[in-house]
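Listed here are the chains, written in short residue letters.
Protein chains: 4
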Amino acid sequence: MSNTFGTIFRITTWGESHGPSIGCVVDGCPSGMELTEKDIQKELDRRRPGKSPVTTERKEEDKVEILSGVFRGRTLGTPISLLIGNTDADSSKYEPIKDLLRPGQAEYTWREKYRTIDWRGGGRASGRETATRVAAGAVAEKLLKRFGIEIIAYSKEIAGIASDTNGLDLTKPEKLRALIESNAVRSPDMEAAAEMEHAILSAKKDKDSVGGIIEALAIGVPPGLGEPVFDKLGADIAKAVMSIPGVKGVEIGDGFELARMRGSVSNDPFIIQRGKISTATNRAGGIIGGISDGMPIIIRAAVKPTASIAIKQKTVDYQKKKGSEIEVTGRHDPCIVPRAIPVVEAMIAAVLADHGRISGQIPGKLM
Amino acid sequence: MSNTFGTIFRITTWGESHGPSIGCVVDGCPSGMELTEKDIQKELDRRRPGKSPVTTERKEEDKVEILSGVFRGRTLGTPISLLIGNTDADSSKYEPIKDLLRPGQAEYTWREKYRTIDWRGGGRASGRETATRVAAGAVAEKLLKRFGIEIIAYSKEIAGIASDTNGLDLTKPEKLRALIESNAVRSPDMEAAAEMEHAILSAKKDKDSVGGIIEALAIGVPPGLGEPVFDKLGADIAKAVMSIPGVKGVEIGDGFELARMRGSVSNDPFIIQRGKISTATNRAGGIIGGISDGMPIIIRAAVKPTASIAIKQKTVDYQKKKGSEIEVTGRHDPCIVPRAIPVVEAMIAAVLADHGRISGQIPGKLM
Amino acid sequence: MSNTFGTIFRITTWGESHGPSIGCVVDGCPSGMELTEKDIQKELDRRRPGKSPVTTERKEEDKVEILSGVFRGRTLGTPISLLIGNTDADSSKYEPIKDLLRPGQAEYTWREKYRTIDWRGGGRASGRETATRVAAGAVAEKLLKRFGIEIIAYSKEIAGIASDTNGLDLTKPEKLRALIESNAVRSPDMEAAAEMEHAILSAKKDKDSVGGIIEALAIGVPPGLGEPVFDKLGADIAKAVMSIPGVKGVEIGDGFELARMRGSVSNDPFIIQRGKISTATNRAGGIIGGISDGMPIIIRAAVKPTASIAIKQKTVDYQKKKGSEIEVTGRHDPCIVPRAIPVVEAMIAAVLADHGRISGQIPGKLM
Amino acid sequence: MSNTFGTIFRITTWGESHGPSIGCVVDGCPSGMELTEKDIQKELDRRRPGKSPVTTERKEEDKVEILSGVFRGRTLGTPISLLIGNTDADSSKYEPIKDLLRPGQAEYTWREKYRTIDWRGGGRASGRETATRVAAGAVAEKLLKRFGIEIIAYSKEIAGIASDTNGLDLTKPEKLRALIESNAVRSPDMEAAAEMEHAILSAKKDKDSVGGIIEALAIGVPPGLGEPVFDKLGADIAKAVMSIPGVKGVEIGDGFELARMRGSVSNDPFIIQRGKISTATNRAGGIIGGISDGMPIIIRAAVKPTASIAIKQKTVDYQKKKGSEIEVTGRHDPCIVPRAIPVVEAMIAAVLADHGRISGQIPGKLM
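Residue numbers (our numbering), protein chains in the order written: chain E, 1 to 367; chain S, 1 to 367; chain L, 1 to 367; chain C, 1 to 367.
Hints are computed from structural coordinates only; laboratory data are not their basis.
Every value quoted in this text rests on a predicted model; they were computed, and no experiment measured them.
Be a bit skeptical, because a hint or two may be false.
Here are the simulated DSS-like pairs of lysine-lysine, each with C-alpha atoms no more than 25 Å apart in a straight line [said to hold, decoys possible]: (1) C:Lys-276 to L:Lys-314; (2) E:Lys-98 to S:Lys-98; (3) L:Lys-63 to L:Lys-38; (4) E:Lys-312 to E:Lys-98.
Working from the sequences, and respecting the hints, build out all of it.
Put into structure tokens, the structure is as follows:
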């Protein structure tokens, strides 16, 4: 088990899907930063289920409480403990199928590793765990904002339908955010959004699910974040994003497309822009040699379709070690991409906050 | 700077491209394992340049010396220090261009971060650094082999030309390895290999470079490796592979393709095979919920084209902060994919050895 | 800030003295271990104030709740989150003196480091923080007990009065524990206990405080725990114990006395005892070369007198930067030694559990 | 095995006593610092044996080579690899006694832990390992000096003979250092020095050995170093010092003496001195609540007598598991205290450099 992430800005999360509560401890946040529950609730509400037909029907309030680390509205530099209750857990559907391995789910490997597992709602392997990442990430995002860094993610692709993201105006993050939040699938492309929504509902009708690709931008990151050779910024982001349930691929900048280019095309020429060094293109996605170069950081994550589907699937009974069939009838998202977006943002924020602290660009006290 | 990788099986590397030598320290290897310089040299020789027309002409012997941690042919459980001399460094070509930023190279970000840099041959940002990863990885691979784990990587794609990898026989790793090593580009598909080689030489003639995709398999990994929720096996592999110079994307199993499937297709059905639980397909690439499931682990890495190309490129002079042009005339690989293959294997081996130690599946002493 | 301790068995604590609650997250505990709130409450009750005239009058219930990591009475291998409410915090006494530095207390250094501090009751620098160490330690102690390891600590000395500890019967830990718990100062020597109690009350009457020395034994530790060269068992114990508020010295075995012996006396001769290798004496205190040798581990910790005393003391006003006087009139222990005993046990347990996990002697699952 | 120390300023050491060489890798040193082999050699020469009748006769040159991390006299921010040859190893004396456990030595516990050991000269458990600590520490000391921090250690006590250290002038570190270096036992008290030397030689004549107490001062440390609650400055120093071979006790400030004081005496009153907050006394030894307070940091380490003595001792044969006798006739120091002094300085320097980096008081680049 390793439930702590980061070197100086460090997140520790805990909790099972159907336990009394879940939560996290954020260590290494500088002292003197304004922080309220509202800052965190805002992000949790974005991840919260039950808000549109494309998400699960589980109705979690996801109300966060700050238990430590903040005094009279300001951080103390001490660990910030955040608590979120589990209020709408319904374990009854899981009891009858507890020995049937749900295809694509973690029960099999967890049983092999831990033997004793909490089979209710996926236990700690449930997507519910990501709520605590979002809570912790909200603290990181607040901190980064003070240093002019904004993280914005959206659906780049769902069910094979791509968003047109040419011409996104990165100079107005709040406006871009509003655009993305204006539809249920979080695409900045309204036409694609409608198609995506339709594709999700169509899969849902078929008791099936779909996946997609999340694109995230980190804007305003100064040059110099990233610690060669092993803790390169891209390497740490890759780990952070790949640790999110359902993510099976990560690329930076032009990613896999770079593999098909020639060097004369893939290299970003250096230029002088407003007296400062910059690059004419950004195929590298803001990271060269593992260190941020001042351009927007661009990350894409491949999200597999939700594993829990109501279609009858072949599987085995773990105890009896024999073949069986399963219909997973809990409440599940037919597509987790829209709700995974704040999680991707949170994990990228955690990495940037940590590298900000490690490099000294973010100091230990803010006032 | 962070030059240490791993929690218990830990690698620390050091060295600049044109310094007196490079090396690494491997900590956490169990005691009692047979180990000789030959075991390591074998892997170094695979990464060594100067062996075919598709690689650089720098002729490094890459001769490794074991300085500690081994006594009378067996490991002691103490740190294994490995030293490799730099014998063919030629810094003369770098002096005249030391203030010109080479597009796609790390000088710009390194100068921003460290100010003082060793501009000779890329310094520590040079691909030469990866020789020490291969040396350390050889120790990990030897260890894993004792536990029946084999890691094999090859060119899945170069310059857009794909290897046909259907029907690779994973039950005979040594035969597969021989097949891969039989051509200069390390493809298991002889026809594709010829085309790839041609494409590389054609780019070289144009003073340009090409990239590609490396596919790696880890065969024989038992279920139970990987530490949820942050140190998932796939997350740690993603970090390890993304930390390799030139890698800009990582995917596991069907990776980005999963984003376009439906759940009913992407889920690997559980089956009973020879009395044991297995999966009928392996779209997950051997990792479910961050933990190995016993199936082959499948990883793909996108490698960008070599940044150093002899074509004239636009750039800037770092000191004068003004536009310029550059022709990078050192000795460079027109395609680093073939030589990066042992590096990818080494990094995956390092992760698996570490998770084997963390989980206790690999004990601290072997005899 | 660094509020996480350990490599695999890892404790993260949080909370301020007068915040809503305090707590901890215990990661890396093997799955399958029986664990209830009672196991933890028992240890918390030993640390709890308000039980005798020699302790503070603050009446904290210190009721612990397990929020995660345990399912139907058994650990899951996932993080165990423990919560303890702060119910009897009285901040009123601190408001008037919040800018006066209390001699021997951490406000000065905390203000220099964090600027923003929670001045109520010492904030996170309060001894109250140690309740969470005890809670986490109780989990470690339960785990160690399964492997036959017992940790027992007691007052070796208070206010210069020494306990006679010759002839303690280590073969009956429960009986020894009962003896120690039979008096308010936790000495195994009843006569000394009476004198110690008297000395504490006499200091209290004088509005003053006293210190002492805690001796801890770890019995049943197998040979082989400890990771040379930096994470030696004694080194990690020294750090663990020195991190407890008020501790200013740590020694192992004969400790400082060894500095005055000759080698012919200080060396413990090896002997064969019941067919196994042992030592005739135990001046090394169970650790040779940083690794446990199978003998009882012996640790002593010097605890300074409680810093908060009601006597008028010279000090300065932090804001006004000028001289002042202070009488600290909160509720304080005239001697923290008795209540620090379970804290010392907890920290030693945390180290041993971690080294048990690192060395593989304690596996990741217990059933 | 854990051969890496520190979080950001990180030391990794390697090497066996009779292997071809020993060395270390210093990671996290800021870029732009002037550094030459001379800076390191100077400290190694202080630890080097064979310089006086009170030390071993093994004549190691201990010549250090910088293999990486420095370019044209300045650090690069990349790992600094340091190599020291083993030139005077004589293994012949160890062969006949390789199965006899030397009392007080680590063979027994190492064999239990690793089974395979290098029995020549203690292998990695030899005091020779500390040369690499000194080499790494020299880099830390150079760095600290740039920030006005000086570390000075000396023999506080040898064979029960105490140095009078009242009135040491801490405002002139170089002069104090010269005083200490003026005698073979490194005491600042010339009279005590003569007695100590006599006591050591007398023990040597008796084929025996003696121990002592090292006192170290860190002068010029600014307030704010140390990370509550677990990585307190005193806790990390305690670990660092306790990890040195032969050290069995550590205390800070008045240490164990504090246990016998009353709070009204042990508390250091805050005062205003030259407009700044200071303390009238320094019983706390420069650390309050785990954070440096600006006063000199005072540490004492108890060093046991050298375990290797030529007197006949009782022991056992490890293989035959039966009683035997041993006379350890290698070349050993009759008292390691004088040579351990630079080691204690080095370890304290490593901790302070790391905390300087973690807290941001020491930045990542110096020019």
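Hint check:
1. C:Lys-276 to L:Lys-314: Holds: Lys-276 (chain C) and Lys-314 (chain L) sit about 16 Å apart, inside 25 Å.
2. E:Lys-98 to S:Lys-98: Given pair Lys-98 (chain E), Lys-98 (chain S) is violated - Cα atoms ~64 Å apart, limit 25 Å.
3. L:Lys-63 to L:Lys-38: Given pair Lys-63 (chain L), Lys-38 (chain L) holds - Cα atoms ~10 Å apart, limit 25 Å.
4. E:Lys-312 to E:Lys-98: holds, 16 Å
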